[in-house]
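Generate the whole structure from the sequences, applying the supplied hints.
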Amino acid sequence: MLQRQQETFDEALKLFLKDYETESRGENRDLAFAYASLEAVCMIKLARRYGLKYEGDHPLIPAALL
109 MLQRQQETFD
119 EALKLFLKDY
129 ETESRGENRD
139 LAFAYASLEA
149 VCMIKLARRY
159 GLKYEGDHPL
169 IPAALL
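The working numbering puts the first residue of the sequence shown at 109, with every later residue one more than the last.
Hints were generated in silico from the structure; no laboratory data involved. Please note that a few of the clues may not be correct.
Only pairs whose alpha carbons sit at most 16 Å apart, straight line, appear in this in silico EDC-like list of lysine to aspartate or glutamate [claimed, not checked]:
#1 Lys122 / Asp165
#2 Lys153 / Glu163
#3 Lys126 / Asp165
#4 Lys122 / Glu147
Next comes the structure, spelled out in structure tokens:
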């Protein structure tokens, strides 16, 4: 059963980005994916499709891709 819970999505995205930032500052800092999280963009697009919202502004989530 699909549950549309905004708070759960917000928390999951926050935790994902926290881990992603840690990796992007480490040994991956010279790679392209250290500057944009395509996974997070996909999560947001999927969440929007199911009626959830993303109103944040995060450096790893380019507005042009949303």
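Open item on the list: Tell me the hint numbers this structure goes against, listed in increasing order.
Closed with: Those not satisfied: there are none.
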